[in-house]
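S.K.: Protein chains in written order, with the numbering used here: chain A, 1 to 401; chain B, 1001 to 1402.
Wrong hints could be hidden among the right ones.
Stated by the list, open to error - Ranges between beta-carbon positions, derived for each pair:
no., chain 1, residue 1, chain 2, residue 2, range
1, B, H1303, A, G109, 36 to 44 Å
2, A, M38, B, D1270, 51 to 59 Å
3, A, Y378, B, T1083, 53 to 61 Å
4, A, A396, B, A1315, 35 to 43 Å
5, B, A1082, A, G161, 53 to 61 Å
6, A, M38, B, K1287, 25 to 33 Å
7, A, M1, B, V1301, 57 to 65 Å
8, B, T1108, A, S5, 46 to 54 Å
9, A, S5, B, L1386, 56 to 64 Å
10, B, H1303, A, V395, 44 to 52 Å
11, A, A360, B, R1390, 40 to 48 Å
12, B, R1167, A, A56, 31 to 39 Å
13, A, E190, B, R1390, 49 to 57 Å
Unchecked claim - List of simulated lysine-lysine pairs, DSS-like, C-alpha gap at most 30 Å:
no., chain 1, residue 1, chain 2, residue 2
14, B, K1093, B, K1395
15, A, K107, B, K1266
16, B, K1287, B, K1266
17, A, K87, B, K1003
18, A, K137, B, K1003
19, B, K1278, B, K1085
20, A, K119, A, K137
21, B, K1235, A, K292
22, B, K1247, B, K1198
23, B, K1352, B, K1010
24, B, K1352, B, K1326
25, B, K1287, B, K1247
26, A, K137, B, K1010
27, B, K1142, B, K1118
28, B, K1347, B, K1010
29, A, K137, B, K1266
30, B, K1198, A, K119
31, A, K398, A, K116
32, A, K119, A, K398
33, B, K1142, B, K1085
34, B, K1142, A, K137
35, A, K292, B, K1142
36, A, K116, B, K1003
37, B, K1118, B, K1010
38, B, K1352, A, K137
39, B, K1235, B, K1247
40, A, K116, B, K1198
Rather than coming from a laboratory, the hints here were simulated on the basis of the structure.
All values derive from a computational prediction rather than experimental measurement.
Glycine included, C-beta positions come from ideal geometry on N, C-alpha and C.
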Amino acid sequence: MDSLSGVRILDITRYAAGPQITLLLAFMGAEVIKVESMANIDHFRREESAVVFGSARASADCFNSLNANKLSISLDLSTTEGVELAKRLVHISDVVVDNFRAGIMDKLGLGYDVLKEIKRDIIMLSASSHGATGPEKGYIAYAVTMGALSGLSEVTGYTGGPPVIMRSSADLRPGTTAAFAILAALNYREETGEGQFIDFSAREALSCGIGEIIMDYTMNGRVRTHNGNRDDIMAPHNCYRCDGEDKWVSIAISNDNEWAALCQAIGNPAWAEDERFSDQLSRWQHQEELDKLVEAWTNTHTHYEVMNILQTAGVAAAPSFSNEELFNDPHCRERECFATVQHPEEGELYVLTPPWKFSATPARVTSPAPLLGEHTEYVLTELLGMPEEEISRLVAEKVLY
Amino acid sequence: MPKRALASIKVLELCHDVAGSYSTKLLADLGAEVIKVERPGHGDAARNSPPFFHDIPDPDKSGLFLYLNTNKLGITLNVTTATGKDIFQELVKQSDVLVEDNPPQYMTEQGLDYDSLKELNPRLVMASITPFGQTGPYRDYKAYPLNIFHCGGEGYLTPGGVENIGRPPLKVGGFLTEYDSGLSAAIAILAALYWRRKSGIGQRIDISKQESLMALNRLDMVRSANEGEVITRAKQGVPYGGALPCKDGYTVFITWESVQWDRLVKFMGDPEWAHDEKFKDYAGRYKHGELINALLTEWLVNHNKEDLYHQGQAAGVPFAMVYSSKDLVDSEHLTAREFFAEINHPKTGRVKYPSAPYKFSETPWQVTRPAPLLGEHNEEIFTRRLEHSREELAKLGAAGVI
Chain A
1 MDSLSGVRIL DITRYAAGPQ ITLLLAFMGA EVIKVESMAN IDHFRREESA
51 VVFGSARASA DCFNSLNANK LSISLDLSTT EGVELAKRLV HISDVVVDNF
101 RAGIMDKLGL GYDVLKEIKR DIIMLSASSH GATGPEKGYI AYAVTMGALS
151 GLSEVTGYTG GPPVIMRSSA DLRPGTTAAF AILAALNYRE ETGEGQFIDF
201 SAREALSCGI GEIIMDYTMN GRVRTHNGNR DDIMAPHNCY RCDGEDKWVS
251 IAISNDNEWA ALCQAIGNPA WAEDERFSDQ LSRWQHQEEL DKLVEAWTNT
301 HTHYEVMNIL QTAGVAAAPS FSNEELFNDP HCRERECFAT VQHPEEGELY
351 VLTPPWKFSA TPARVTSPAP LLGEHTEYVL TELLGMPEEE ISRLVAEKVL
401 Y
Chain B
1001 MPKRALASIK VLELCHDVAG SYSTKLLADL GAEVIKVERP GHGDAARNSP
1051 PFFHDIPDPD KSGLFLYLNT NKLGITLNVT TATGKDIFQE LVKQSDVLVE
1101 DNPPQYMTEQ GLDYDSLKEL NPRLVMASIT PFGQTGPYRD YKAYPLNIFH
1151 CGGEGYLTPG GVENIGRPPL KVGGFLTEYD SGLSAAIAIL AALYWRRKSG
1201 IGQRIDISKQ ESLMALNRLD MVRSANEGEV ITRAKQGVPY GGALPCKDGY
1251 TVFITWESVQ WDRLVKFMGD PEWAHDEKFK DYAGRYKHGE LINALLTEWL
1301 VNHNKEDLYH QGQAAGVPFA MVYSSKDLVD SEHLTAREFF AEINHPKTGR
1351 VKYPSAPYKF SETPWQVTRP APLLGEHNEE IFTRRLEHSR EELAKLGAAG
1401 VI
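With these hints in hand, go ahead and build the complete structure from the sequences.
M.R.: Put into structure tokens, the structure is as follows:
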């Protein structure tokens, strides 16, 4: 049993942010038909991507991580017949998602006004970086540039150092937000029978993640910048070096009880009695000195040892885990955070399992990411009832390409 | 009455942290009725968290609390008392969704675990949000946003760049990971409600904050298992571009596609160095990224960030700039999109809040009431909804139940 079984999604997205939207819905049982073509191939299927990720396999792995559970139809939307076929797919879909720049779907002849004539209750979400309106609509952006425009880069970095550019997660965060918006629209459609258009802006999605930082400006005129791992109130509050190469542990203390527990857990060193660390504010004011003392202790332990010792005492401590450590971590193992799929070209590949544990309708990984056009025939024959000869003609004419 | 996407949904919230409050804010801002249950006296932890309006600490003036609790009804209730439990159970019977973020054992200890509550309301969708989830060896471990950011795998890769390898991994500013988990929970809740429509039954959802963050870093999470590649800060970052100094601060750009490099070269006035054999294809530019950045910077330092952003975009190159909170609020683009909503609150007057990144054609995002004062809706909920008398209400107050 899948929570979204019966929901069909026409997925006209590429790169990372768009595919993340439909991936989450596919994890919950939606049937996602990814529209691609050689004329406009997903970034992760390109040679450039193999350069960036170090190998063709690494690039295929990333594509797999973002497109598991989906079907692929190779359909060239720059052809007239391609667009007509897409419209037939719209007719049998519940949701259409694209992540082109604003205006491209209209140009293709697949704007919302057209789609709703084809299917009255269609839900269409256009996920662009800057949204469908405003003076900067149509600007191009990626995770790195959206992270900067959102305000996240400015509040991230070492004290006094440069702002930090964001990673692929700055694509996946907006993608996740857009999946929420689609589910809300589906709820409304179930309730009223009405579809709608959702204009989604990825940079705005990231800005929502620093709401209180923005409010500090709108309420107090204060412009926040970056300050390492530090907090406004808590201390110690940092990432400390541990025994081993590039091994670190994060420790955060929010009150006197936790401070007492920390001191006891590390053997009540003489400095723990120091006047400078006697209350929360004093600790915060003297956190540089305090950090050195804490690190002198963490440095003699592995990050796992620090976590175990401190968590047993009721102190929030957790390693800064690498991907390899998470993959091997006993907690992630027990919670089955990783599963394998049999990829037709790459063999067995691990993927991260869905981040929700449902008691009745478990979200799951059912199949690897599709090869380009792997399901073209299924979609056209089974779903649209198209005769074989017609399909062959469309292949020959590179509409299916 | 404007149409609301989630108008039919009733949510009960028993949360203390940012993640839980954010998950129900997302629902409330699209029209769900959310009753937020706070501890008598102290209330939600965010009430004591800066920034405070005009920097004056006041439980009704925290910017964090105000942002996270728009559109909610607020009541105070001590669920550890027998009467408090009874009232809570009455509310559960009338709810579609319960969201809670207490330590895994807590709800069971209170007799308010899913198995007990579903007896009262089999249609209930109950979401629990905790640092490490309801199962596994770390289930009872404590974690603040700093810890989650690091144990969720993103901290170890931040900031990207070989120069950062000897320096500590970093967290992104603010409460970002909490927002991530709240969003993840909200998705699961709506999916469970979708299924409930067909099946008639509710379910339990277990949300781990650690896993919510891992999910956003899925591209890196399996690379060691599949290719033996342990990703580090040294291997992160971009080949060239990124955040580079310009005349008045930092400019940011990246060229994922070869055609964007060609446009960049043209945008710079076609400098001779750009035609070096070393930079002729994507792989070459990737390999010589540091050299390219050094050469680019010589040109960038003569140009302003605003000019680079807008003129660069006009030339088809993905330029951006590092926006501060002030830049966001001043942005003509965001103003034109009405991204900031002015919300009136009795203790602060009108203040600008970020709204939402989605514009629904039929069911707009909307704030119909500001965040509740502590216990603001006690009377409405306890007397009108649950039909307790005013006299009873006074007794409950005196007994510390509400």
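S.K.: Against each hint, give a clear statement of whether it holds in the structure.
M.R.: These are the hints, each one checked on the structure:
1. Distance hint for H1303/B and G109/A: a CB-CB separation of about 39 Å, consistent with the stated range 36 to 44 Å.
2. Between M38/A and D1270/B the beta carbon distance is about 31 Å. The supplied range of 51 to 59 Å is therefore violated.
3. Look at Y378/A against T1083/B: about 59 Å separates their beta carbons, and that is inside 53 to 61 Å.
4. With their beta carbons about 39 Å apart, A396/A and A1315/B fall inside the hinted range of 35 to 43 Å.
5. Here the CB-CB span from A1082/B to G161/A is close to 55 Å, well matched to the stated 53 to 61 Å.
6. The hint said 25 to 33 Å for the Cβ distance between M38/A and K1287/B, and at roughly 27 Å that hint holds.
7. Between M1/A and V1301/B the Cβ separation comes to about 60 Å, which falls inside the hinted range of 57 to 65 Å.
8. A C-beta distance of roughly 32 Å is found between T1108/B and S5/A, which places it outside the suggested range of 46 to 54 Å.
9. At roughly 37 Å, the beta carbons of S5/A and L1386/B sit outside the given window of 56 to 64 Å.
10. For the hinted restraint 44 to 52 Å between H1303/B and V395/A, the CB-CB distance of approximately 49 Å keeps it satisfied.
11. Restraint check, A360/A to R1390/B: a C-beta distance of roughly 41 Å satisfies the suggested window 40 to 48 Å.
12. A hinted range of 31 to 39 Å for the beta carbons of R1167/B and A56/A is consistent with their spacing of about 32 Å.
13. The given range of 49 to 57 Å is broken by E190/A and R1390/B, whose C-beta atoms sit roughly 39 Å from each other.
14. Taken as a hint, the K1093/B and K1395/B pair is honoured in the structure, with Cα atoms around 23 Å apart against an allowance of 30 Å.
15. Among the hinted pairs, K107/A with K1266/B is consistent with the structure: their alpha-carbon atoms are about 27 Å apart, no more than 30 Å.
16. For the proposed pair K1287/B and K1266/B, the alpha carbon gap of about 21 Å is at most 30 Å, so the pair holds.
17. The straight-line distance between the Cα atoms of K87/A and K1003/B is roughly 28 Å, inside the 30 Å bound, and the hint therefore holds.
18. Annotation: proposed proximity of K137/A to K1003/B holds, straight-line Cα distance about 27 Å (limit 30 Å).
19. For the suggested pair K1278/B and K1085/B, the alpha carbons sit about 71 Å apart, so the restraint of at most 30 Å is broken.
20. The hinted pair formed by K119/A and K137/A meets the criterion: a straight-line CA distance of about 27 Å does not exceed 30 Å.
21. Distance restraint check for K1235/B and K292/A: the Cα-Cα separation of roughly 28 Å lies within the 30 Å cut-off, and the hinted pair is therefore satisfied.
22. Straight-line distance between C-alpha atoms of K1247/B and K1198/B comes to about 59 Å, which puts the hinted pair past the 30 Å bound.
23. A threshold of 30 Å between alpha carbons decides the hint, and for K1352/B with K1010/B the separation of about 27 Å falls inside it, so the pair holds.
24. At most 30 Å may separate the alpha-carbon atoms for a hinted pair to count; K1352/B and K1326/B meet this at roughly 12 Å.
25. This hinted pair checks out: K1287/B and K1247/B have alpha carbons roughly 27 Å apart, not beyond 30 Å.
26. Restraint check for K137/A and K1010/B: not satisfied, since their Cα atoms lie roughly 36 Å apart, outside the 30 Å limit.
27. A hinted pair counts as satisfied when its Cα atoms are at most 30 Å apart, and K1142/B with K1118/B qualifies at roughly 28 Å.
28. For the given pair, K1347/B sits about 27 Å from K1010/B by alpha-carbon distance, which is consistent with the 30 Å threshold.
29. A C-alpha spacing of about 23 Å is found between K137/A and K1266/B, which places the hinted pair at or below 30 Å, so the restraint holds.
30. In summary, the hint linking K1198/B to K119/A is supported, as the alpha carbons are separated by about 22 Å, within the 30 Å threshold.
31. Between K398/A and K116/A, the direct Cα distance comes to roughly 27 Å. Compliance with the 30 Å bound is thereby established for this hinted pair.
32. Distance hint between K119/A and K398/A is fulfilled; the C-alpha atoms sit about 27 Å from each other, no more than 30 Å.
33. As the CA atoms of K1142/B and K1085/B are separated by approximately 26 Å, the hinted pair is consistent with the 30 Å bound.
34. Of the supplied pair hints, the one linking K1142/B and K137/A is violated, its CA atoms being roughly 43 Å apart against a limit of 30 Å.
35. With a C-alpha separation of about 23 Å, the suggested pair K292/A and K1142/B falls inside the 30 Å cut-off, and the hint holds.
36. Between K116/A and K1003/B the alpha-carbon distance is near 19 Å, which keeps this suggested pair within the 30 Å criterion.
37. For the hint linking K1118/B to K1010/B, the alpha-carbon distance of about 16 Å falls within 30 Å, and the restraint holds.
38. Taking the CA atoms of K1352/B and K137/A, the gap is about 23 Å. The hint holds against a cut of 30 Å.
39. A distance of roughly 28 Å separates the Cα atoms of K1235/B and K1247/B; the hinted pair therefore holds under the 30 Å criterion.
40. Of the pairs offered as hints, the one joining K116/A and K1198/B holds, with about 25 Å between alpha carbons and a cut-off of 30 Å not exceeded.
Of the numbered hints listed earlier, those contradicted by the structure are 2, 8, 9, 13, 19, 22, 26 and 34.
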